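A.B. asks: Spelled out, the chains give:
2 protein chains.
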Amino acid sequence: MPIIDSKTNKIIKDPTLKELEEIAKEMRAYSIIAITAAGSGHTGGTMSIIDIVTALYFKKIKHDPTNPDWPGRDRVFWSAGHKAPALYAVLGMSGYFSIDDSVLLRKLSSGFEGHPNRFKLPGIEVSSGSLGQGLGVALGSAISAKLNRRKYNVYCILGDGELNEGSVWEAAMSASHHRLDNLIAIVDRNRLQIDGYTSDVMEIEPLRDKWQSFGWQVYECNGHDMEEIMSALNRASSASGKPSVIIANTVKGKGISFAENVCAYHGISPKDGVTGDESLKTALKDIKCSYFTKEKVDKLLKKALAYQSKIDKKIESIIPKFSTGYFWNETDDMKVIMIPTRMGFGKGIEKAGSDSRVVVLGADISDSIKISSFYKNNPERKSRFFSVGIAEANMTVVAAGLAKEGLIPFIGSYGVFSTGRNWDQLRTTVCYNNFNVKIVDAHGGISVGPDGATHQTLEDITNLYYLPNMHIAVPSDSIEAEKATLAMKELYGPAAIRLAREATPVITKNNSPYEFGIANIIRYREKKKNFTDAFKIYLSTDYKSENEDITIIACGPMVAEAIRAAYIMKEEFGTEARVINVHTVKPIDSGAIINAAKDTKIIITAEEHQRGGFGNIIAGIISEKKNYKDPYIMGMIGIEDRFGESGKPWELMKSFGLTAEFIAKKAMDLLNIVEC
Amino acid sequence: MPIIDSKTNKIIKDPTLKELEEIAKEMRAYSIIAITAAGSGHTGGTMSIIDIVTALYFKKIKHDPTNPDWPGRDRVFWSAGHKAPALYAVLGMSGYFSIDDSVLLRKLSSGFEGHPNRFKLPGIEVSSGSLGQGLGVALGSAISAKLNRRKYNVYCILGDGELNEGSVWEAAMSASHHRLDNLIAIVDRNRLQIDGYTSDVMEIEPLRDKWQSFGWQVYECNGHDMEEIMSALNRASSASGKPSVIIANTVKGKGISFAENVCAYHGISPKDGVTGDESLKTALKDIKCSYFTKEKVDKLLKKALAYQSKIDKKIESIIPKFSTGYFWNETDDMKVIMIPTRMGFGKGIEKAGSDSRVVVLGADISDSIKISSFYKNNPERKSRFFSVGIAEANMTVVAAGLAKEGLIPFIGSYGVFSTGRNWDQLRTTVCYNNFNVKIVDAHGGISVGPDGATHQTLEDITNLYYLPNMHIAVPSDSIEAEKATLAMKELYGPAAIRLAREATPVITKNNSPYEFGIANIIRYREKKKNFTDAFKIYLSTDYKSENEDITIIACGPMVAEAIRAAYIMKEEFGTEARVINVHTVKPIDSGAIINAAKDTKIIITAEEHQRGGFGNIIAGIISEKKNYKDPYIMGMIGIEDRFGESGKPWELMKSFGLTAEFIAKKAMDLLNIVEC
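Chains L and E supply the protein sequences, listed in that same order.
Position in the first sequence (from 1) plus 10 gives the number in our numbering.
Position in the second sequence (from 1) plus 10 gives the number in our numbering.
Next up, chain L with everything else stripped away, as it sits in the complex (with noise of 0.2 Å):
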């Protein structure tokens, strides 16, 4: 059934097959168009499944958009969330809103976040990013259906790669136990997942086999012929005693030519692209969809820009304010050179993996967390290098057999998905047994930006912290990711390393001291061309106390936070800050920061994590180790129990409170309340 008004049930809209293409079109290019605008996005997914959204949306599914929660409408749960511009395409186009503002895709604020947010646009049923996961809500949707006797169907949108998550599978199981007829899958089989073709990375053929043995009726189509989709979604829906998928045989990129069957383009917009020669303009040729004139295009640019700036405007006015500004490489001296902490573990694992104990196993993000260093310059290692596609908990558990026969693997994932996705496998399996198995924490904090919440990594330091036999590295900046590295690779056990995605500045040198399991201590000394040699550091256990006036403590690369906070106190109000580089949070330094909080009295923990996962360690080390008497007083920074959102890393920093400027402000407070 097309668009509908769900109180008169007459339809609003009956496209042709011939007008379906048509929108297609359409979506594809404010697809692109919004992607280009936003410097990021999922290109390739979004092309290949636009066809089949478009389909459905238009002339299989009962929906209303002007009445988006309609109990009775068809439910459409988008699993794979990093297809949300085909998401926000097909619902603008549909009426939810105004198809103009998608162009705000992944702006702060906007709404339009890099993985879709149920509660920030209308249509939207589930709130997904992490892959496997919403088959499950969809069945649990068909479930209530059923309970409450409601004539709905339920489909489920899933990315060919995703269905290397054994929940997938469980869900199937599920599905088919229960006889959920009401249920539809479909299968973007579009053959192409980030780190290769799906058959490289995990052949999840026979794929028909495979669904019909989990107890599925399957159905094939052709993802880019109208006429095939709607035959297939035709036969799927009134389907009976069984629950159905469609494999959908897509093109990845489908209707851009540059970026058709282009593994690159999973995730990248025409800005980045692989040859150099391709833009927006060339993109739009391609779709052919004559309503994209060149002013119509200019006109949606120009409302991001004009957008963002507004943006911009807002975080400047939130920041606290000093006598002049300190934001990094703002002024002539005090320059940092920026670098993501990802690249110092790439130099770090290329050179750990000259030890032919060292195996790494690829979860199909293997480039973007630079995991894949291990073998780009040293080919010879593939062999060393197994891909375990999306599933993390294999991961785990396969890491873990690989060490038990005497190799070191490297693990790793976004955080969310290596620290929490397989927590059960990491306790039991990794931790439990004590195996000697290597974690990549990636992504670590709200500085991921644009890709949003889900795969913003705050909880992963509780993960990992209560965990018996764990080790854990937070390194400051990349030079010491790549120390940390092989100081991981040379300890025995369960050791995980947090990495930020951003670049961020470089605070320590080549020789600056380093032992895992001792803090660091860094103390501003005088302004200079350069930020690094205007602070001294020392290993905690050299230290003399300055007696200074108050302690900031930090990990990761909030410690060039912290240090910078340092800075801008001692030149606006000549307070003295102690800076305790905490780059190993387990084993943990205690008597560094029990000293800190003898000499200064006044403490701050900075985190960007979920305020208190790194910094109630901290007050506890404190509080049962302090003399009784000592005064004492300590504050926090850190994500204020809330998820992350869709926006640029320093804009994000800023937003969430985590720079220098409110670290140094909530320093002066607190030295005005021990004062008062």
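Just so you know, these hints were derived from the structure itself, not from any lab.
Source: prediction; values computed, not measured.
Be a bit skeptical, because a hint or two may be false.
Copies of the same chain look alike in the list, so a pair counts if it works inside one copy or between any two.
What the hints assert, rightly or not - List time: in silico DSS-like cross-link candidates among lysine-lysine, alpha-carbon distance up to 30 Å: (1) K156 / K386; (2) K345 / K580; (3) K499 / K161; (4) K636 / K554; (5) K537 / K323; (6) K636 / K546; (7) K156 / K499; (8) K392 / K156; (9) K161 / K392; (10) K386 / K313; (11) K357 / K156; (12) K252 / K675; (13) K636 / K675; (14) K608 / K312; (15) K675 / K608; (16) K636 / K676.
Here the structure of chain L is known, so what remains is to put chain E in place on it, guided by the hints.
C.D. replies: Below, chain E without anything else, positioned relative to chain L:
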């Protein structure tokens, strides 16, 4: 190949099929004696797998019990760790250790853990107990063999219920992708899981098709016919190019008349027999193993008793001593009733179920966690109960889908699985979406007892606390558990309830004040006949400081220990202790905590959890909110960054230093420090 001498390659034992049958009988006898002596253990699955592993260890794999780590050995990974008695029997009979020692099953420090621990006995390849993880570990070992060009084979023992877990299918997909023909899975197809027939709990048929579609060579055999078993093993081990699976059709409880095909015999001993007519004597008669004379059996049982009495003495010696004994119900006054908090939850869910929006998902341990009380007395509610099998990740997202449609789903499992196995699902699908899902976090703490480390949840508070939108109830007794269950049904949003398996003191009354989110203050008044009458309970918001000497802050059944500690301290030293019952850990009652710190200045936290998981939260609140110059010190009682183990519940509570005696001692130590 049979058992060999790894140095000379000489065959040590090569039994005939007939002899294998005799060995299997002996193993059955040893296992049931051990389970009986332990008073608990997995009779059903132990008996169904015994014939297969007899053939495997005595006639198929190459191994040398005198050289357990011999690199050339074939590996056997027991993914279904609950079949531990069979593992101990086959290792003992093979000569890895004295088989008679296996009668120490599930006793503290004996090494014969409820689920196997590889550090405690030779011949155990992996510590297991959390289902669905072993096949991946085996896969890692098999990859390693290929990488290092070693000729060993890798076997993995799986249960059939275990195949509900998606991680098994991740491993299955991965094994065929990597063409691991040195990997052989064995499925103990006994067709029963804890909640009932596999076909009712979660249909896994057509099983042969499933494995084939995942790229495996499939063999079937009668798992109790030595000839068929050997034939299947030989065919599987000579397969080429792909991994093999043997579906061994078995009978759960095989060989013991009253246990065969009886679902209840999954995890109980003959002592707890379901008809009352069951006994070790009958079991041994059924097994028909002439070796087990009455004398032999008595000798074994005596060995177990003697060991236990040694343990009892050892435990008693480590408890802090006072002028008299204060342990629960040791004296004629201060009597207390003991009921597990899970029972209170059972009552609560039965009541909550009268709301037709409440639906319940079952993950195969529904009776154990008392979630089945939802329908036990109300069979018509069965239509609102949905079995999802052993698939906690899927259970979580299905619940989200049900919640989305306006229902109030309760899900649950042992906390390791219902807050950890599904952590990413909880984070992204439940909390980020703010779906109204209720989570039973059962078997919190080490007082779970004999099942051991894998089933003792020690990290759930931190797993949950740092998730935005989550609510956490940790009721102190069964009465509070019932109130908390009803409260969490009423509130909107994700909410978890932490429950204890073991009976613990009932310290509140039906009319005791209880408000979700507001802590209680508990004060010892005077010795009474009944423990509950000796204490007065206040809402924290109603309480006026009595300027006590110390505060003890606790959650869950540790509150009972805390107030018993208050009683000890008052009676022994005249010390007044304020106890705070933090029955709601999120949102936490900061006011009650800060007031206590200001009023009493000495704080002890007590948690049956990794130390600091709860305590550090308290430390953080106080550190930020107390007055700068107020004296303050803290002590924490909890598990010291280690895993639990098997033993009797109260034995573990004592040996891990968690009972009132340890709290009182810690408190007095702190008071002494402060007074010095």
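A.B. asks: Can you name, in rising order, the numbers of the hints this structure does not satisfy?
C.D. replies: 10, 12 and 14
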